[in-house]
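So the protein sequences, as listed, match chains A and B. Using the numbering used here, the first residue of the first sequence is number 1, and each one after it goes up by one. Using the numbering used here, the first residue of the second sequence is number 1, and each one after it goes up by one.
For the record, the hints were derived by calculation from the structure and aren't laboratory data. These numbers were taken from a predicted model, which means no experiment stands behind them. There are no misleading hints in this set.
Here chain B is said to cover these stretches of chain A; the calculated rule only asks that three of the stretch's residues, wherever they fall, bring their Cβ under 8 Å from a Cβ of chain B: (1) 90 to 100; (2) 109 to 122; (3) 134 to 142.
Glycine included, every Cβ here is placed at the ideal spot set by N, Cα and C.
As a plain string of letters, each chain reads:
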Amino acid sequence: MPSGRVCLPYFLKTTGRPALADERPILETSDLTIRFGGHVAVDHVSCSFDRGTLTAIVGPNGAGKTTYFNLISGQLKATDGAVTLNGEDITRLSVPERTDRGIGRAFQLTNLFPTLSVRENVRLVVQSRARKGFDLFSIAESHVELLERANHVLAEVRLVDQADQAVSALPHGDQRKLEVALLIALGPQVLMFDEPTAGMSVDEVPVILELVRKLKADMDRTILLVEHKMDVIRSLADRIIVLHNGQLVADGDPAEVIALPVVQEAYLGKAPEAA
Amino acid sequence: MLTRLLSGDTPRSGLLTVLLLIVLISLAFAPFLFPGTKSLETAARICIFIVLVASYDLLLGYSGIVSFAHTMFFGIGAYGTALALNTSGPNYGSLIWGTLAGALVAALFALAIGLFSLRVKAIFFAMVTLAVASAFAVFVSQMSWLTGGEDGLNYKIPRELTPAFKLVNEKVLGVRINGKLVAYYLVFFASAVLFLVMLRVVNSPFGRTLKAVRDNAFRAEAIGYRVVWYRTTATVLSAVMAALAGSLLAIWLRYTGPATTLSMEIMIDILLMVVIGGMGTLYGAVLGATLFILAQTYLQNLMGVAAEATSAVPLVSTLVAPERWLLWLGVLFILSVYFFPSGIVGRLRAGRA
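Using the sequences plus the hints, can you model the full thing?
Listed below in C-alpha cells is the structure:
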C-alpha cells in the first residue's frame, strides 16, 4: 500500500480570484514539524496561504490536521520549522500573543465557557478585543458598546433567543453555532475552522456554511477549514491541501485535488479508479 | 444609586435580600441591638470574616484557584499592623503604615507565589501555597523576639479606639459611647467599603474575565486573555484584601498571635464559610461567615439550654450536651453541603427561577 510519502510537488496558485493589493501570503508555515516521542504528527509541512482565500484542509483521521491547526494557533509548540504571519515569525509566541496578531480559531470539540450565558461568552471575546480585560473598577454591563457588538454577532448566528441561557444548557447544534460566533466576534485576519459542522443536524449545517460563506465574501479574511464533507468543500474552497501521515501530499485547485489518485485513496479510502 | 453601589449585582432573590438586610442591619446597629461584650466581639468578628471570606471567594469561587495560604495573608496584615503599633507606638501613623506595609508584603508574596506556580496545574499551586503557609507559620513562631512566638503580641492602639476613651459621658440607649464603639464602627465601615470594592471588582470586566478563566482557561487564552496575568492579579488582590482584614482584626483584638490569624483551623473555617454561603458569589461570603460564626459562638449555649430542657430524657440529653457542640457543628455542615451543594445563595437564586 503506498503511503503518503508520494509527495506531490503539486502547487497550483488559487485561480479565479481578483488580484488583491497585497499579494504576499498572509500566513506561511515552513518545514513545520512536531514530534511526540518517536511519532511525527506533522512532518515538514511547508505551505502558504493568500489573503482572502479559503483553503480546505483534508485528510483521513489522524493525518495531523488538528495538530497542524494547533501549531499555527499556538496550542502546541513546533519541534521544528516556523510559522509566519504577515512576515513576522510567530513560532515562539504564546496563544494570546498570536490571537492579538490576528489568528483566530474555532475548535473541533466545542470549547466554550459552560457556566456563563451565551451572550456573556460572546461579550468576553468582544471585551478581549477591546482590551478591557484589566479594567477592575467599572461595571462590566456599563460598557454598552461591547454588549451591542455581542448582540450583533448573536443575531448573525441566530442565537438571540438563547442569549440569556447558560451554555451548558444549550443543545449541541447551538453550541456549535456559538463556537463560530466566538470566532466571528474575535474578527481575526486568519480564521481557522476545525470541522464546524461536525455533529450538527442536517438542517443546521447550512446555517454554519452560510456564515462561513459570508465571512469569506464580505471580509478580506483568510479562512482555513478542516472539513470532511466533500460537497461543502467543493462549494466553498478556493484550494485544497491534503495531509496524510503528517505530510502535505497534495495542494491545489479543488476539482483537480479531489481527482488525484492519492486523495481518492488516502482521503476517501477508495482504490484509485482507472484513469 | 444603590444598584451602582452594588455594582449592578443585586441579590436577585427576595429571601436573599431579606437575609442580607437582616445581617446588614444587625451589624450596623449591633452595639445597640445586642448590648454586651460577647455579642459585640461576635459582630466585629463577623464583619472581619465577611471580608476575609469574600476575598477567598475571589480566588476559589471566581477564579477557580485553590489556595491554602489565605490565612498567611490574613496573618501578614495582622502582624504588619501589630508590629507597627508595638514598635512605633499606639498612634494613627503607625496604624496606617503598619496596615499599608502588611498589605504590600502580602501583595509581594502573592505575586511571587502566583508567578512561580500559577502556570502549573491547580493541584500543584494548592500544594505550594500549603507549603509556604506552613513554613510561614513556623517562621513566625520561631521569630519570637519579633513576633512574640506562640504567645503573640499584645499592644496598645490609639486611645480613641479603646474603652477608656469616652465620647459622651451619658449612656445612649443604654450603651456607653466609648472608644470600643468607635473601634467597632471603624471595623464595620472598613469592612463594608472593602466588601463593596470587591463586589465592584467581580462585576468589572476583569471579574468577568476571571470567571471565563475559571470556566475554560484554554479557550480564554485562545480569545486573547493572558491567563497567568489574570490569575496572578486575582491572587494579589485577594491577598491584599485578606491582609486588610487581618489589620482590622489586629486593631479590634489589640492582640495578634498565630492562633487568631495563621492557624490551619481558620483556613478550613474560611473554606467552609465560602462553600456554605455559595462559591462564586460574594453575598455567599456574608451569609456563610455570619452563620458559621454565630454557630461557632452560640451553638454551645443553645445546646446547654437544650440539654437542660431534655435532662429527663437520658439519651437525648447526652447527645445535646454542650461539650458535643463540635459534633453538631459538623452535622450541620454535612447537611448544609448536602442540601445546598451550590451554597445558600446558589440555592436561593435558583429557587427564584
